[in-house]
Amino acid sequence: AQTVTQSQPEMSVQEAETVTLSCTYDTSESDYYLFWYKQPPSRQMILVIRQEAYKQQNATENRFSVNFQKAAKSFSLKISDSQLGDAAMYFCAYYTSGTYKYIFGTGTRLKVLA
Amino acid sequence: DTEVTQTPKHLVMGMTNKKSLKCEQHMGHRAMYWYKQKAKKPPELMFVYSYEKLSINESVPSRFSPECPNSSLLNLHLHALQPEDSALYLCASSQASKKGNQPQHFGDGTRLSIL
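Protein chains in written order, with my numbering: chain V, 1 to 114; chain Y, 1 to 115.
These are calculated hints, taken from the structure and not from any lab test.
It is possible that some hints are incorrect.
As the list claims (entries may be wrong) - List time: in silico BS3-like cross-link candidates among lysine-lysine, alpha-carbon distance up to 25 Å:
| no. | chain 1 | residue 1 | chain 2 | residue 2 |
| --- | --- | --- | --- | --- |
| 1 | V | Lys-101 | Y | Lys-38 |
| 2 | Y | Lys-41 | V | Lys-111 |
| 3 | V | Lys-111 | Y | Lys-38 |
| 4 | V | Lys-101 | Y | Lys-41 |
| 5 | Y | Lys-19 | Y | Lys-38 |
| 6 | V | Lys-101 | Y | Lys-22 |
| 7 | V | Lys-101 | Y | Lys-53 |
| 8 | V | Lys-73 | Y | Lys-41 |
| 9 | Y | Lys-41 | Y | Lys-22 |
| 10 | Y | Lys-18 | V | Lys-101 |
Take these sequences, add in the hints, and give me the full structure.
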């Protein structure tokens, strides 16, 4: 069975600084997708970034980028120029192609300090 | 803006009550999901509907009964719930592509409290 591990329950970053959130996963599948979702205190889960496993190039969305290390089964999220609005719970999620199942990690709460 | 609308936002019910949660989307998505989320925990998948048919039931107790009356609506009927069922219930939708390249869109959730 696939598992997703986020080893950092909580992280803090100064405004305008850079922070990296860690995610590792375990799978024997070759065709899968990885996601980072953000859940602010207002509750709505929002997609931050996604990565197809077959793509070697790391995904980037504005200030958000990933470091995808397929052999190491690692998928970290880097947030540059952190803003107060980035404060939220961040969930790493895994999806096996051919199913409708998303498996979420335990989450990392990010605090942004002014 | 929330493209997936969930009602009610809050619900308090007794263990003998019958209530329903509602989820609506108008993005043309043909896959819809129910998740249960406890405080400071990740969402746990409960049910998945694809093309209005139940695709996944994650061994959810029968006191939770999902229904997908049409491609825009998803209901979760509740009956004889237990206190441990108190949680945030999230609805999500996505394009019905099993490839996974279509992200999920989540609603704000219904905060359910069982007395």
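Cross-check of the supplied hints:
Pair hint Lys-101(V) plus Lys-38(Y) holds up; C-alpha atoms about 19 Å apart against a cutoff of 25 Å. Taking the CA atoms of Lys-41(Y) and Lys-111(V), the gap is near 17 Å; set against the 25 Å cutoff, the hint holds. Between Lys-111(V) and Lys-38(Y) the alpha-carbon distance is near 20 Å, which keeps this suggested pair within the 25 Å criterion. Taking the CA atoms of Lys-101(V) and Lys-41(Y), the gap is near 17 Å; set against the 25 Å cutoff, the hint holds.
A distance of roughly 20 Å separates the Cα atoms of Lys-19(Y) and Lys-38(Y); the hinted pair therefore holds under the 25 Å criterion. For the proposed pair Lys-101(V) and Lys-22(Y), the alpha carbon gap of about 21 Å is at most 25 Å, so the pair holds. Between Lys-101(V) and Lys-53(Y) the CA atoms are separated by roughly 15 Å; this keeps the pair inside 25 Å, and the hint holds. Distance check on the hinted pair: Lys-73(V) and Lys-41(Y) sit about 22 Å apart at the alpha-carbon level, within 25 Å; holds.
Of the pairs offered as hints, the one joining Lys-41(Y) and Lys-22(Y) holds, with about 23 Å between alpha carbons and a cut-off of 25 Å not exceeded. Between Lys-18(Y) and Lys-101(V) the CA atoms are separated by roughly 28 Å; this puts the pair beyond 25 Å, and the hint is violated.
In this structure, only the earlier hint numbered 10 is contradicted, and the remaining ones agree with it.
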